[in-house]
Amino acid sequence: MKFKSPPVNSLSLDFITELCISLEKLENNRECRGVILTSAVPNIFSSGLDITEMCGKSMEHYAEFWRAVQEMWLRLYGSNMVTVAAVNGSSPAGGCLIALSCDYRIMVQNPKFIIGLNEAQLGIVAPFWFKDTFVNTVGHRVAERSLQLGSLHSASEAHKFGLVDELVPEEKLQEKAAAIMAQWLALPDHARQLTKSMMRKAVLDRLVAHREEDIQNFVNFISKESIQKSLRMYMEMLKKKKS
Amino acid sequence: MKFKSPPVNSLSLDFITELCISLEKLENNRECRGVILTSAVPNIFSSGLDITEMCGKSMEHYAEFWRAVQEMWLRLYGSNMVTVAAVNGSSPAGGCLIALSCDYRIMVQNPKFIIGLNEAQLGIVAPFWFKDTFVNTVGHRVAERSLQLGSLHSASEAHKFGLVDELVPEEKLQEKAAAIMAQWLALPDHARQLTKSMMRKAVLDRLVAHREEDIQNFVNFISKESIQKSLRMYMEMLKKKKS
Amino acid sequence: MKFKSPPVNSLSLDFITELCISLEKLENNRECRGVILTSAVPNIFSSGLDITEMCGKSMEHYAEFWRAVQEMWLRLYGSNMVTVAAVNGSSPAGGCLIALSCDYRIMVQNPKFIIGLNEAQLGIVAPFWFKDTFVNTVGHRVAERSLQLGSLHSASEAHKFGLVDELVPEEKLQEKAAAIMAQWLALPDHARQLTKSMMRKAVLDRLVAHREEDIQNFVNFISKESIQKSLRMYMEMLKKKKS
Numbered sequence: 001m002k003f004k005s006p007p008v009n010s011l012s013l014d015f016i017t018e019l020c021i022s023l024e025k026l027e028n029n030r031e032c033r034g035v036i037l038t039s040a041v042p043n044i045f046s047s048g049l050d051i052t053e054m055c056g057k058s059m060e061h062y063a064e065f066w067r068a069v070q071e072m073w074l075r076l077y078g079s080n081m082v083t084v085a086a087v088n089g090s091s092p093a094g095g096c097l098i099a100l101s102c103d104y105r106i107m108v109q110n111p112k113f114i115i116g117l118n119e120a121q122l123g124i125v126a127p128f129w130f131k132d133t134f135v136n137t138v139g140h141r142v143a144e145r146s147l148q149l150g151s152l153h154s155a156s157e158a159h160k161f162g163l164v165d166e167l168v169p170e171e172k173l174q175e176k177a178a179a180i181m182a183q184w185l186a187l188p189d190h191a192r193q194l195t196k197s198m199m200r201k202a203v204l205d206r207l208v209a210h211r212e213e214d215i216q217n218f219v220n221f222i223s224k225e226s227i228q229k230s231l232r233m234y235m236e237m238l239k240k241k242k243s
Numbered sequence: 001m002k003f004k005s006p007p008v009n010s011l012s013l014d015f016i017t018e019l020c021i022s023l024e025k026l027e028n029n030r031e032c033r034g035v036i037l038t039s040a041v042p043n044i045f046s047s048g049l050d051i052t053e054m055c056g057k058s059m060e061h062y063a064e065f066w067r068a069v070q071e072m073w074l075r076l077y078g079s080n081m082v083t084v085a086a087v088n089g090s091s092p093a094g095g096c097l098i099a100l101s102c103d104y105r106i107m108v109q110n111p112k113f114i115i116g117l118n119e120a121q122l123g124i125v126a127p128f129w130f131k132d133t134f135v136n137t138v139g140h141r142v143a144e145r146s147l148q149l150g151s152l153h154s155a156s157e158a159h160k161f162g163l164v165d166e167l168v169p170e171e172k173l174q175e176k177a178a179a180i181m182a183q184w185l186a187l188p189d190h191a192r193q194l195t196k197s198m199m200r201k202a203v204l205d206r207l208v209a210h211r212e213e214d215i216q217n218f219v220n221f222i223s224k225e226s227i228q229k230s231l232r233m234y235m236e237m238l239k240k241k242k243s
Numbered sequence: 001m002k003f004k005s006p007p008v009n010s011l012s013l014d015f016i017t018e019l020c021i022s023l024e025k026l027e028n029n030r031e032c033r034g035v036i037l038t039s040a041v042p043n044i045f046s047s048g049l050d051i052t053e054m055c056g057k058s059m060e061h062y063a064e065f066w067r068a069v070q071e072m073w074l075r076l077y078g079s080n081m082v083t084v085a086a087v088n089g090s091s092p093a094g095g096c097l098i099a100l101s102c103d104y105r106i107m108v109q110n111p112k113f114i115i116g117l118n119e120a121q122l123g124i125v126a127p128f129w130f131k132d133t134f135v136n137t138v139g140h141r142v143a144e145r146s147l148q149l150g151s152l153h154s155a156s157e158a159h160k161f162g163l164v165d166e167l168v169p170e171e172k173l174q175e176k177a178a179a180i181m182a183q184w185l186a187l188p189d190h191a192r193q194l195t196k197s198m199m200r201k202a203v204l205d206r207l208v209a210h211r212e213e214d215i216q217n218f219v220n221f222i223s224k225e226s227i228q229k230s231l232r233m234y235m236e237m238l239k240k241k242k243s
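Those sequence lines, one after another, are chains X, S and B.
Taking this note's numbering, the leading residue of the first sequence gets 1, the next gets one more, and so forth.
Taking this note's numbering, the leading residue of the second sequence gets 1, the next gets one more, and so forth.
Taking this note's numbering, the leading residue of the third sequence gets 1, the next gets one more, and so forth.
One chain only, chain X, in its complex shape (with noise of 0.2 Å):
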């Protein structure tokens, strides 16, 4: 599956809606076992959630942005397939709860390209299950350092604490994520499943306990007129960045 929604893949209610509708169908096609996410739009994976979905609009419009953004995780967080995550790009915030989403993630070695949590940066706080997808994945210590810092690391970096399992070339990416594809596919598609759901099953179903509760928070909370003019002035910052 190929990301294509230039710029920069940002995250929009559309966006998200069409993944989920995407994924939605390979979870019920008994042929499709396996998924490998990656960026056809040139150095970004995925710029993360779309800012102009949470800037100067309805609290309804927040509630439903929201509402996507936990069913995507859920979908991709508690898929049956095997998902791979080959990363050939930038792939800051919710771009990175995607690859963290997946069973593994290879990242292009390139010193330009950075993964990480950043909302703290922006003034915001990663939700619960962001961080709980992210300690599952590196650690109680290493995530409570990287989300209150919101570091954006190098590929490197991620490689080194575990944040990505494995680093490749640009050109090797697509038969690196093929061959850890097959690997995966290899087990008996049954035992992989429950294992999987072994080992999610507790960080899912905190959300799906919480998800009224959850959107809730988001809404109030990106609703703030304070929140609301960090979020335009890092809008600004971007344009003026591109121009």
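Just so you know, the hints here were simulated from the structure itself, not pulled from any lab data.
A hint or two may mislead.
Because identical chains share one entry, a pair is satisfied inside a single copy or across any pair of copies.
Pairs of lysine-lysine, DSS-like flavour, derived with a Cα cap of 30 Å [said to hold, decoys possible]:
id	residue 1	residue 2
1	Lys-201	Lys-229
2	Lys-112	Lys-176
3	Lys-224	Lys-201
4	Lys-201	Lys-160
5	Lys-160	Lys-4
6	Lys-229	Lys-57
7	Lys-172	Lys-4
8	Lys-239	Lys-2
9	Lys-160	Lys-112
10	Lys-240	Lys-224
11	Lys-176	Lys-160
Since the structure is predicted, the reported quantities are computational estimates derived from the model, not experimental observations.
Chains S and B: place on chain X using the hints.
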């Protein structure tokens, strides 16, 4: 304590029962403060649960067998003694669980010796308390990947991510195990035991609370025709390998 | 903030009470966003809880002392400020807890400086919230082994498994601590504080929920004749060492 049940120290109902009785005796013997577990069979620490106990038997037998496996783990993981695994051979599945349940794991550095929870490769699923013990030792991410792939790791790899604590040449194993035992026995028993219990209690309590349910799960799962078939195929394969 | 309670910065009831008052003042001072903890006593960061407070005193005194120790940890681990430990000397037991409760730990690379939760060596048991703080920092396995052995680690060893984040030569310590503080203070306070609270809340809440029970446990344990005896012996040993 030396496992001696040729050819491969497989954990039959008899073997497990005897192991539990021995552990209980040692536990109640105030002179005995620690135990080193090792194998008297060349190249094998323990090959894990005896598949013949799980294949073509009655529901009652499966239930009895599983209760014994639980008992073994409860006694070993919760032991008041210092427990050192001197892993002098391969140690898949239940053999790996025994090593994981000790306080310290020393493994012979031999490229032929492998260790891991490879249940998924047989089409079965390690129960939650195998998983909990594994996560407590190597962390969530390593456990997730290793359990899903049913990986059997070389001694070097196992050492790299903490599945074993130390590698030694075969001829140094007993000496090293004795030195480690002496180091742990230098601590006051009472404080060491309370500390151990504090670290392991949550995971031990979880099985105690769900013991009957876990037996029922095992019996239902293992008696499925599809699972029985895959176990029979696995046994055929082992027989062919031998001959 | 410089600890200055010669000869070894031991955490007496007076010292802890003063520390709590200072932390509260800083916490309520809106100008103060971070604090660096270090020692004004050569070669010792803090020697941990003052054993004289736990030896030959009344049950009421033990209870008062323990409540103060809890208070210190609740304030420090739950602080809204950025907390950096600049560990410029040895730091056993309660001294190690103070370092573990900060956001970041820098230690002077001196082969004579040691750090760890060595309670087991004194025949006592680190309480569950020392353990939780330790597990959150170094993971379950390292904590299990280190706590059972009551290990005091060299700075290098402590750095290797993440008990400290960074090693520096003594003359660079203050400069490095200031640089780390500046890095953490560059983040928006609100997002950083909420993130910190999200990471630490479960463990903080656990003590709050069991605070009286934990005091009772401590008082019962410490007032046992066998424990009193072993503490007296330990103090004798320390006195002999000094003279």
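Hint check:
no.: 1; hint: Lys-201 / Lys-229; verdict: between (37 Å within a copy, 28 Å between copies)
no.: 2; hint: Lys-112 / Lys-176; verdict: both (21 Å within a copy, 27 Å between copies)
no.: 3; hint: Lys-224 / Lys-201; verdict: between (33 Å within a copy, 24 Å between copies)
no.: 4; hint: Lys-201 / Lys-160; verdict: both (27 Å within a copy, 28 Å between copies)
no.: 5; hint: Lys-160 / Lys-4; verdict: within (29 Å within a copy, 39 Å between copies)
no.: 6; hint: Lys-229 / Lys-57; verdict: within (13 Å within a copy, 58 Å between copies)
no.: 7; hint: Lys-172 / Lys-4; verdict: within (20 Å within a copy, 48 Å between copies)
no.: 8; hint: Lys-239 / Lys-2; verdict: within (26 Å within a copy, 46 Å between copies)
no.: 9; hint: Lys-160 / Lys-112; verdict: both (16 Å within a copy, 28 Å between copies)
no.: 10; hint: Lys-240 / Lys-224; verdict: within (25 Å within a copy, 63 Å between copies)
no.: 11; hint: Lys-176 / Lys-160; verdict: both (19 Å within a copy, 23 Å between copies)
Of the hints listed earlier, there is not a single one the structure fails to meet.
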